[in-house]
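Asks: Going down the list, the protein sequences come from chains A and B.
Its first residue numbered 1, the first sequence is counted upward by one per residue in this note's numbering.
Its first residue numbered 1, the second sequence is counted upward by one per residue in this note's numbering.
Each hint can be trusted.
Straight line, CA to CA, 25 Å or less: simulated DSS-like cross-link-like pairs of lysine-lysine:
1. LYS87/A <-> LYS161/B
2. LYS177/B <-> LYS82/B
3. LYS127/A <-> LYS127/B
4. LYS111/B <-> LYS161/A
5. LYS72/B <-> LYS56/B
6. LYS161/B <-> LYS127/B
To give an idea of the chain A side of the interface with chain B (calculated C-beta under 10 Å), a few residues:
7. VAL17
8. GLY101
9. PHE115
No wet-lab data here; the hints were simulated from the structure.
Treat the numbers as computed from the prediction; the structure is a model and nothing was measured.
Where a beta carbon is used, it is the ideal one built from N, C-alpha and C, also for glycine.
There are 2 protein chains.
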Amino acid sequence: MKRIIEGDMEKVSEFTVRRLSGYFRILADLEQNDVVTVSSARLGELGGVTSAQVRKDLSYFGNFGTRGLGYKVSDLKNTIMKILGLKKEWKMALFGAGSLGRALFFHDGFKEDGFFFTRIFDTDPAKIGASWGNIRIQPVSEAEESLQNDPVNIGVVTTPKSAAQATVDLMVRVGVKGVLNFAPVRVEIPSEIWLRNVNLAVALESLSFYMSSQ
Amino acid sequence: MKRIIEGDMEKVSEFTVRRLSGYFRILADLEQNDVVTVSSARLGELGGVTSAQVRKDLSYFGNFGTRGLGYKVSDLKNTIMKILGLKKEWKMALFGAGSLGRALFFHDGFKEDGFFFTRIFDTDPAKIGASWGNIRIQPVSEAEESLQNDPVNIGVVTTPKSAAQATVDLMVRVGVKGVLNFAPVRVEIPSEIWLRNVNLAVALESLSFYMSSQ
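All chains, full assembly: derive it from the sequences and hints.
Replies: Below, the structure is given as structure tokens:
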């Protein structure tokens, strides 16, 4: 019954990880613009945090940068990529070939980060057999055997609420290590599997909170 | 140049808002299961935070609950809905009628929260004129006039990177108060407009971080 509110499981670390994702994108931008070094003050400014926060976040992972000279952009970018596990290739299975599943499947940002969908499953006979890219949509009834023969690291859930728990249970049986759940429902999962719930409405609720309080 | 890393702009508040979104969903769940009262300990347990955190988050907005009795589920749910601005109707314009735009447009969770798309814009002649639900996809060239006549509160950006800044500039000109940006690029926006950048890869990076560190 833990790991429900995204980002609250291990608070400090999770927020640090989110900021690392932000620094990574800023550094990639700077690198593309041929910027060679960056100070913690400038990195903080671009990321909307203090320079102390930048230094603290990075200090968890070692000693980077040189006093007075700042960080080497490419080196720090590569280091953060490694910290975030983005130097590997992660295989993912998609459960739910609806419009959200389709959007995720064709989202370029995932491939750039090293996340690849290798399997798609759905229960809808109208979808089964069709192909997205060069991957055929398979019936969920084939999922267990298929994923036992060709395992994935991460399962992505875009099924209806009612199917989410059974889908996660199946993922656990075939040995996924991480689950990304877009179904707006709480799912139970063994504590050794990592779970992230993504609720697309949360960002809108944050906007409406601030817009209402003005 | 602020407001870039989602959640870091006004740190404490933004994270409190995220947790409020979580409490709201838990309370809605409890209400559906006919639970009448809930303690801060139980709410914290369900949300993966401490009871002290629950009490602190709620204390920003007034005095709820009764010592020893806990919170009334329905009352607290309604109060948090109001705090989050979910008792209003928010009109939204979608820019970018691609697969992600489509997934957001048909996402039920938004309507349940009071967020409604009233306009869709794209530049692709193959898409213009088609309808999603009862809303016709209009050319971007009509957007400025259309949104001046029938304003929206929130603009949602699912355009390619290259079109994101011009889209946001247009939204600012027609007076949106909030922008939800899914384009994986940094956009500049006047400080009086609220911006949330949503990067779908961040949740995956958080998974790969923890999966790598095991």
